Amino acid sequence: MAAMASVGTSALRREGPEKLTGRALYLDDLDVPGAWHGVTVRAGVPRGRIKSVSFDPSFPWKECVVVTAKDIPGKNVVTLIEPDQPLLADGEVRHREEPILLIAHPDRAKAYEARSRVTVEYEPLPPVLSLEDSLSVKEKIFKDDNVFKSFLIEKGDLKGGFALADFVVEGEYRVPHQEQAYIENNAMAAWEKDGVLTVTGSLQCPYYVVKALKVLLGRDESKVRVIQTVTGGGFGGKEEYPSMIAGHAALLALKAKRPVKIVYDRHEDMAATTKRHPAVVRHRTGLTKDGRLVAQDVDVVMDGGAYATLSAVVLSRGTLHATGPYECPNVRVRARAVATNTPPNGAFRGFGAPQTLFAAELHWERISRALGLDALTLRRRNLYREGSVTATGQVLRESIGASECLDLVVKRSDYEKKRKDYDLWNADPAKPTWRGIGLSVCHHGAGFTGSGEVYLASRAAVALTRDGRILVLAASTEIGQGTNTIFAQMAADALGVPSDWVEVETPDTHKVPDSGPTVASRTTMVVGGLVRRAALELKAALDAEGGRVPKTRADLKKSAAALCGREPLRRFEVRYEKPPEIVWDEGTYRGDAYGVYSYAAFAADLEIDRATGEVRVRKATTAQDIGRAVNPRLAEGQIIGGCAQGLGWALLEEPVYKDGVMANAQLTNYVIPTSLDAPPFDVTIVERPYSRGPFGAKGVGELPMDVPAPAVAAAVRHATGRLIATIPQTPERILAALAGPEDA
Amino acid sequence: MRGDARSMRVLAPRTPAEASRALAADPRALALAGGTDVMVSWNMGLLNGRTVVDLSRLPWRRVRETKAGLELGALCTHADLRRHPDVRARFPLLAEACATVGAAQIQNRGTLGGNLANASPAGDTFPPLAAYEAIVRCVGPTGRREVPLAAFFTGVKRTLLAPGELIESVLLPAPPRPWTRSLFRKVGTRAAQAISKTVFAGLLRVEKGAVADVRLAFGSLAPTVRRLKAAEEFLRGRRLDAEAAARAADLLGLDVSPIDDVRSTREYRLAASRGLLIRFLKGD
Numbered sequence: 001m002a003a004m005a006s007v008g009t010s011a012l013r014r015e016g017p018e019k020l021t022g023r024a025l026y027l028d029d030l031d032v033p034g035a036w037h038g039v040t041v042r043a044g045v046p047r048g049r050i051k052s053v054s055f056d057p058s059f060p061w062k063e064c065v066v067v068t069a070k071d072i073p074g075k076n077v078v079t080l081i082e083p084d085q086p087l088l089a090d091g092e093v094r095h096r097e098e099p100i101l102l103i104a105h106p107d108r109a110k111a112y113e114a115r116s117r118v119t120v121e122y123e124p125l126p127p128v129l130s131l132e133d134s135l136s137v138k139e140k141i142f143k144d145d146n147v148f149k150s151f152l153i154e155k156g157d158l159k160g161g162f163a164l165a166d167f168v169v170e171g172e173y174r175v176p177h178q179e180q181a182y183i184e185n186n187a188m189a190a191w192e193k194d195g196v197l198t199v200t201g202s203l204q205c206p207y208y209v210v211k212a213l214k215v216l217l218g219r220d221e222s223k224v225r226v227i228q229t230v231t232g233g234g235f236g237g238k239e240e241y242p243s244m245i246a247g248h249a250a251l252l253a254l255k256a257k258r259p260v261k262i263v264y265d266r267h268e269d270m271a272a273t274t275k276r277h278p279a280v281v282r283h284r285t286g287l288t289k290d291g292r293l294v295a296q297d298v299d300v301v302m303d304g305g306a307y308a309t310l311s312a313v314v315l316s317r318g319t320l321h322a323t324g325p326y327e328c329p330n331v332r333v334r335a336r337a338v339a340t341n342t343p344p345n346g347a348f349r350g351f352g353a354p355q356t357l358f359a360a361e362l363h364w365e366r367i368s369r370a371l372g373l374d375a376l377t378l379r380r381r382n383l384y385r386e387g388s389v390t391a392t393g394q395v396l397r398e399s400i401g402a403s404e405c406l407d408l409v410v411k412r413s414d415y416e417k418k419r420k421d422y423d424l425w426n427a428d429p430a431k432p433t434w435r436g437i438g439l440s441v442c443h444h445g446a447g448f449t450g451s452g453e454v455y456l457a458s459r460a461a462v463a464l465t466r467d468g469r470i471l472v473l474a475a476s477t478e479i480g481q482g483t484n485t486i487f488a489q490m491a492a493d494a495l496g497v498p499s500d501w502v503e504v505e506t507p508d509t510h511k512v513p514d515s516g517p518t519v520a521s522r523t524t525m526v527v528g529g530l531v532r533r534a535a536l537e538l539k540a541a542l543d544a545e546g547g548r549v550p551k552t553r554a555d556l557k558k559s560a561a562a563l564c565g566r567e568p569l570r571r572f573e574v575r576y577e578k579p580p581e582i583v584w585d586e587g588t589y590r591g592d593a594y595g596v597y598s599y600a601a602f603a604a605d606l607e608i609d610r611a612t613g614e615v616r617v618r619k620a621t622t623a624q625d626i627g628r629a630v631n632p633r634l635a636e637g638q639i640i641g642g643c644a645q646g647l648g649w650a651l652l653e654e655p656v657y658k659d660g661v662m663a664n665a666q667l668t669n670y671v672i673p674t675s676l677d678a679p680p681f682d683v684t685i686v687e688r689p690y691s692r693g694p695f696g697a698k699g700v701g702e703l704p705m706d707v708p709a710p711a712v713a714a715a716v717r718h719a720t721g722r723l724i725a726t727i728p729q730t731p732e733r734i735l736a737a738l739a740g741p742e743d744a
Numbered sequence: 001m002r003g004d005a006r007s008m009r010v011l012a013p014r015t016p017a018e019a020s021r022a023l024a025a026d027p028r029a030l031a032l033a034g035g036t037d038v039m040v041s042w043n044m045g046l047l048n049g050r051t052v053v054d055l056s057r058l059p060w061r062r063v064r065e066t067k068a069g070l071e072l073g074a075l076c077t078h079a080d081l082r083r084h085p086d087v088r089a090r091f092p093l094l095a096e097a098c099a100t101v102g103a104a105q106i107q108n109r110g111t112l113g114g115n116l117a118n119a120s121p122a123g124d125t126f127p128p129l130a131a132y133e134a135i136v137r138c139v140g141p142t143g144r145r146e147v148p149l150a151a152f153f154t155g156v157k158r159t160l161l162a163p164g165e166l167i168e169s170v171l172l173p174a175p176p177r178p179w180t181r182s183l184f185r186k187v188g189t190r191a192a193q194a195i196s197k198t199v200f201a202g203l204l205r206v207e208k209g210a211v212a213d214v215r216l217a218f219g220s221l222a223p224t225v226r227r228l229k230a231a232e233e234f235l236r237g238r239r240l241d242a243e244a245a246a247r248a249a250d251l252l253g254l255d256v257s258p259i260d261d262v263r264s265t266r267e268y269r270l271a272a273s274r275g276l277l278i279r280f281l282k283g284d
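Going down the list, the protein sequences come from chains W and U. Be aware that the first sequence starts at 1, since it is given in our numbering, and climbs by one per residue. Be aware that the second sequence starts at 1, since it is given in our numbering, and climbs by one per residue.
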């Protein structure tokens with residue numbers, strides 16, 4: 001008899017006890033013997049040309065190592081998509097937090113002191129500090145139009161669609177930056193030994209760092225090694241910037257000829273590293289009088305910051321989600337990412353989709369007002385179902401839980417009754433609060449966009465050692481979301497052994513193959529699928545060797561010895577294979593943008609203090625179709641955590657930018673939710689299996705981030721009669737809106 | 001963390017006189033009570049090379065009944081005060097305020113005296129202290145003096161403490177008669193661990209249908225905590241109805257002058273404070 005299935009059970013997080021008891025150590029806690037401390041001299045001006053760099057002669061510089069752009073052995077570039085971002089500015093400075101030079105000192109405090117003794121003089125240039133200034137092209141800071149990337153999606157006949165419309169509804173929506181606020185700041189250490197440059201630290205994507213170091217140092221991939229340390233959260237914030245810090249640490253270590261450790265403090269991390277892209281989204285929507293969509297014209301602009309970094313792909317995902325999960329025969333989506341002289345924006349859970357989905361979902365409130373139909377009925381009339389055709393012409397064939405999620409949330413939140421009850425409550429002037437309940441429904445494509453997974457050609461392996469250890473070898477990182485636990489569960493079930501027989505190797509690029517980055521809700525669905533296939537190959541080999549899968553550990557050891565022979569281990573590696581039915585044309589943006597979508601609905605039930613405008617979320621109800629839940633408890637954790645982060649973005653979080661720099665780059669004044677701000681959650685997991693996902697799984701990591709903000713804004717509108725088309729919906733904005741007229 | 005412990009000198013005086021002498025001798029020396037504000041500067045490296053005078057050996061962590069009222073030692077922590085039965089029973093607004101300061105860890109370390117000496121415009125304990133008309137007892141090289149709370153703060157992060165002078169205790173005078181109604185209300189940036197956008201303490205005594213005594217204090221609306229003298233004056237002797245409450249609230253701007261900053265706006269602070277004030281006066 002095979003072991004009991006582990007997939008579908010809530011196996012405990014493998015690293016949970018270590019983290020809970022504080023035994024898990026971040027890089028800052030680890031003693032790297034002989035390491036010096038590295039610090040970064042940053043620009044301090046938003047735009048300018050470097051005239052001179054001077055060093056205070058009273059400081060003992062001989063105690064330090066100083067690295068400038070001239071010390072770079074390879075190319076001065078952070079390799080990602082476009083080769084435009086230098087590791088150290090050389091000539092022109094494009095944002096205030098741009099690194100200029102690096103200093104290492106044996107003593108941390110002295111390293112900081114040294115940094116304060118460097119003076120950089122600039123010839124100032126006029127900066128472009130806002131998305132609007134960038135679009136006006138008063139100053140050219142990127143090519144002729146300041147546009148990093150643009151996309152166009154067209155479906156049907158837009159003009160013809162508007163001609164059929166009984167109503168045309170327009171709206172403009174804005175969303176701000178957001179800081180990932182992971183618990184551990186960015187940190188990297190580097191050293192060279194026997195010709196191999198090793199970098200270790202807090203990161204999401206080990207092979208991104210390898211690729212960046214290869215180009216920076218001009219050396220062969222085999223001479224670069226990247227090892228993940230215990231990582232205190234990522235949320236996209238450790239997708240790209242670790243390549244920068246790893247490069248800095250590597251340059252200092254090579255010059256100092258000793259290990260160097262760079263650990264950012266919270267202020268530096270918040271000010272310098274990537275944020276969610278702010279965006280302005282405009283909708284012009286045509287509908288028949290019974291509420292059917294006939295035309296959707298959407299315009300998206302995102303602020304990319306000073307360098308291209310990931311903006312093109314963030315914009316792509318934003319563009320592909322801009323219509324919301326609704327079928328419309330005639331669609332145009334135009335999207336641009338523009339340059340500003342602010343620190344580059346980058347990956348953050350949801351990756352462009354929360355920005356455009358906020359607009360698409362809140363727009364139903366305006367449509368509802370214009371048509372005199374409630375937003376729930378309108379959604380039900382247009383929601384994706386089996387056979388729906390998306391804006392890119394993708395026919396949705398399976399695993400479409402949008403309606404089921406919406407129905408569950410409407411029922412469980414008592415939405416329809418509360419709409420009426422709260423209207424009565426709000427009409428009573430003696431009540432101390434206003435109450436509101438609002439909805440949202442979102443979809444989220446799992447895995448890389450379009451042909452992304454084909455280009456990545458990810459690999460993963462399962463190995464059996466001669467002494468009977470089963471190892472999962474993948475570059476997917478554990479960053480708090482449960483990678484290690486679910487990989488073990490999936491490998492175990494494929495093999496038919498208990499999950500505690502399976503070990504998951506720490507990502508180390510000298511041990512694990514390139515499984516692609518830990519992003520895009522792809523770890524379970526894509527890499528998990530590879531792990532399962534590799535485990536099936538091992539199982540086939542065991543079957544061929546002994547005729548059966550081992551039932552006891554002793555059995556396993558015997559089989560392992562037989563299978564390995566003289567080798568220390570047998571390794572079974574597989575590579576991503578595109579399902580044949582997925583067809584995508586990158587040139588026209590037509591076809592299957594994603595293999596499959598996950599779906600979520602959310603109801604925000606909230607209360608606003610009439611005197612102070614303070615918002616208290618009374619209850620969050622959500623249902624999310626994520627395919628088969630490999631580990632329901634971890635999936636629920638992702639849903640609650642992601643929704644709490646979404647509620648933070650909706651109600652509290654607002655990076656304040658002044659002169660191109662974040663003025664509230666500390667956790668004192670950049671306000672994220674505490675446990676007392678989090679409402680009670682009612683979570684239902686809907687499991688519409690995906691035939692191409694391992695065990696039927698789809699993606700879950702990002703989806704929960706999409707839904708809270710538009711539902712909160714809809715609830716605030718219900719409570720106050722005011723549609724606030726931006727977030728966060730702070731008491732300041734609410735009282736200001738209340739001082740103005742009720743929605744026309 | 002940019003603080004460099006090796007560059008700092010730490011003194012641990014055994015008596016108030018020793019502490020005063022140490023602080024008077026070095027104008028850049030810093031008194032350390034709970035250390036919760038000191039740690040912020042330490043993190044930024046601003047204390048490197050400075051002398052720190054640790055006050056933890058001084059016998060100032062006790063609550064004592066005196067003829068005039070309740071005397072709170074300057075080294076009482078916020079946690080001490082929020083739990084203390086006499087404080088809770090007789091000066092509940094102060095106990096409530098202490099329960100909203102920072103997080104539990106901050107309440108365990110941060111002290112009443114340290115909070116006062118740091119003189120943040122957003123100090124949560126200050127509106128209750130102002131409403132209770134607290135008296136700050138100071139001791140220094142030239143002896144002891146008693147300063148009304150209203151005169152203690154001289155500006156943002158400034159007090160009238162002279163070099164070497166320390167806060168020994170705070171006296172809360174016993175009220176002549178019980179209050180009809182009292183309210184502490186903090187509007188922070190979130191539900192917990194928040195800095196105030198506006199923070200209010202109000203005490204009201206109604207006799208024979210009219211206002212006999214009223215004390216209204218706001219923090220975060222001016223460089224220092226403010227009593228609403230104009231509104232209090234207007235209300236005294238008046239029958240409290242919705243109109244009187246609204247008219248009193250209209251006088252708010254005569255005693256406060258909030259600003260726009262990273263946490264909030266002038267407009268919001270005024271509107272929210274006005275709303276709280278009316279709610280308190282109407283007794284909703």
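It is worth saying that the hints were derived from the structure and are not from the lab. As the structure is a prediction and not an experimental result, all values here were calculated from the model. Built from N, CA and C at the ideal position, the CB exists for glycine as well. One should not assume that every hint holds.
[Claimed, not checked] Residues of chain W clear of chain U, computed beta-carbon distances all greater than 12 Å:
(1) 143
(2) 266
(3) 290
(4) 371
(5) 380
(6) 451
(7) 506
(8) 546
(9) 655
(10) 658
(11) 674
(12) 677
[Said to hold, decoys possible] Mimicking SDA-like on lysine to any residue, the simulated pairs with C-alpha atoms at most 20 Å apart in a straight line are:
(13) 229(U) x 213(U)
(14) 431(W) x 242(U)
(15) 658(W) x 261(U)
(16) 417(W) x 428(W)
(17) 155(W) x 282(W)
(18) 208(U) x 191(U)
(19) 619(W) x 190(U)
(20) 431(W) x 274(U)
(21) 619(W) x 274(U)
(22) 619(W) x 191(U)
(23) 282(U) x 609(W)
(24) 193(W) x 282(W)
[Stated by the list, open to error] Computed Cβ-Cβ distance ranges for the label pairs, DEER-style:
(25) 136(W) x 10(U): 53 to 63 Å
(26) 44(U) x 63(W): 27 to 37 Å
(27) 424(W) x 242(U): 44 to 54 Å
(28) 424(W) x 39(U): 46 to 56 Å
(29) 381(W) x 39(U): 52 to 62 Å
(30) 668(W) x 10(U): 52 to 62 Å
(31) 67(U) x 423(W): 30 to 40 Å
Here's how the hints hold up against the structure:
In this structure residue 143(W) is separated from chain U by more than 12 Å, as the shortest Cβ-Cβ distance comes to about 35 Å. At the 12 Å boundary, the C-beta of residue 266(W) falls inside the reach of chain U, the nearest C-beta of that chain being 9 Å off. Distance check for residue 290(W) against chain U: the nearest CB is about 42 Å away, which clears 12 Å, and the non-interface claim stands. Taking the minimum C-beta to C-beta distance to chain U, about 34 Å, the non-interface status of residue 371(W) holds against the 12 Å cut.
The Cβ of residue 380(W) lies farther than 12 Å from every Cβ of chain U, with a closest approach of about 35 Å, so its non-interface assignment holds. The beta carbon of residue 451(W) is kept farther than 12 Å from every beta carbon of chain U, the shortest such distance being approximately 43 Å. Every C-beta of chain U lies more than 12 Å from that of residue 506(W), the closest at about 27 Å, which supports listing it as non-interface. Separation of residue 546(W) from chain U is adequate, the least Cβ-Cβ distance of about 56 Å exceeding the 12 Å criterion.
For residue 655(W), the shortest C-beta to C-beta distance to chain U comes to about 10 Å, within the 12 Å cut-off, and the non-interface label is violated. Chain U draws residue 658(W) into its interface by the beta-carbon criterion, the shortest separation being 9 Å against a cut-off of 12 Å. At the 12 Å boundary, the C-beta of residue 674(W) falls inside the reach of chain U, the nearest C-beta of that chain being 5 Å off. Not every C-beta of chain U lies more than 12 Å from that of residue 677(W), the closest at about 5 Å, which undercuts listing it as non-interface.
At roughly 12 Å between alpha-carbon atoms, residue 229(U) and residue 213(U) fall within 20 Å of each other, so this suggested pair holds. Between residue 431(W) and residue 242(U) the alpha-carbon distance is near 15 Å, which keeps this suggested pair within the 20 Å criterion. Restraint check for residue 658(W) and residue 261(U): satisfied, since their Cα atoms lie roughly 12 Å apart, inside the 20 Å limit. For the hint pairing residue 417(W) with residue 428(W), the CA-to-CA distance comes to about 17 Å; that is within 20 Å, so the pair holds.
Proposed proximity of residue 155(W) and residue 282(W) is supported: the alpha carbons are some 18 Å apart, at most 20 Å. The straight-line distance between the Cα atoms of residue 208(U) and residue 191(U) is roughly 39 Å, outside the 20 Å bound, and the hint therefore fails. Taking the CA atoms of residue 619(W) and residue 190(U), the gap is near 17 Å; set against the 20 Å cutoff, the hint holds. The straight-line distance between the Cα atoms of residue 431(W) and residue 274(U) is roughly 17 Å, inside the 20 Å bound, and the hint therefore holds.
For the hint linking residue 619(W) to residue 274(U), the alpha-carbon distance of about 29 Å lies beyond 20 Å, and the restraint is violated. In summary, the hint linking residue 619(W) to residue 191(U) is supported, as the alpha carbons are separated by about 15 Å, within the 20 Å threshold. The hinted pair formed by residue 282(U) and residue 609(W) meets the criterion: a straight-line CA distance of about 16 Å does not exceed 20 Å. At most 20 Å may separate the alpha-carbon atoms for a hinted pair to count; residue 193(W) and residue 282(W) exceed this at roughly 54 Å.
Between residue 136(W) and residue 10(U), the C-beta spacing of about 56 Å keeps the proposed range 53 to 63 Å intact. A C-beta distance of roughly 23 Å is found between residue 44(U) and residue 63(W), which places it outside the suggested range of 27 to 37 Å. For residue 424(W) and residue 242(U), the hinted distance range of 44 to 54 Å is not satisfied, since their beta carbons lie about 23 Å from each other. Take residue 424(W) and residue 39(U): their Cβ atoms lie about 50 Å apart, and the range 46 to 56 Å holds.
For residue 381(W) and residue 39(U), the hinted distance range of 52 to 62 Å is satisfied, since their beta carbons lie about 57 Å from each other. Distance hint check for residue 668(W) and residue 10(U): the Cβ-Cβ separation is about 26 Å, which falls outside the suggested range of 52 to 62 Å. Between residue 67(U) and residue 423(W) the Cβ separation comes to about 58 Å, which falls outside the hinted range of 30 to 40 Å.
Hint violations for this structure: numbers 2, 9, 10, 11, 12, 18, 21, 24, 26, 27, 30, 31, all remaining hints satisfied.
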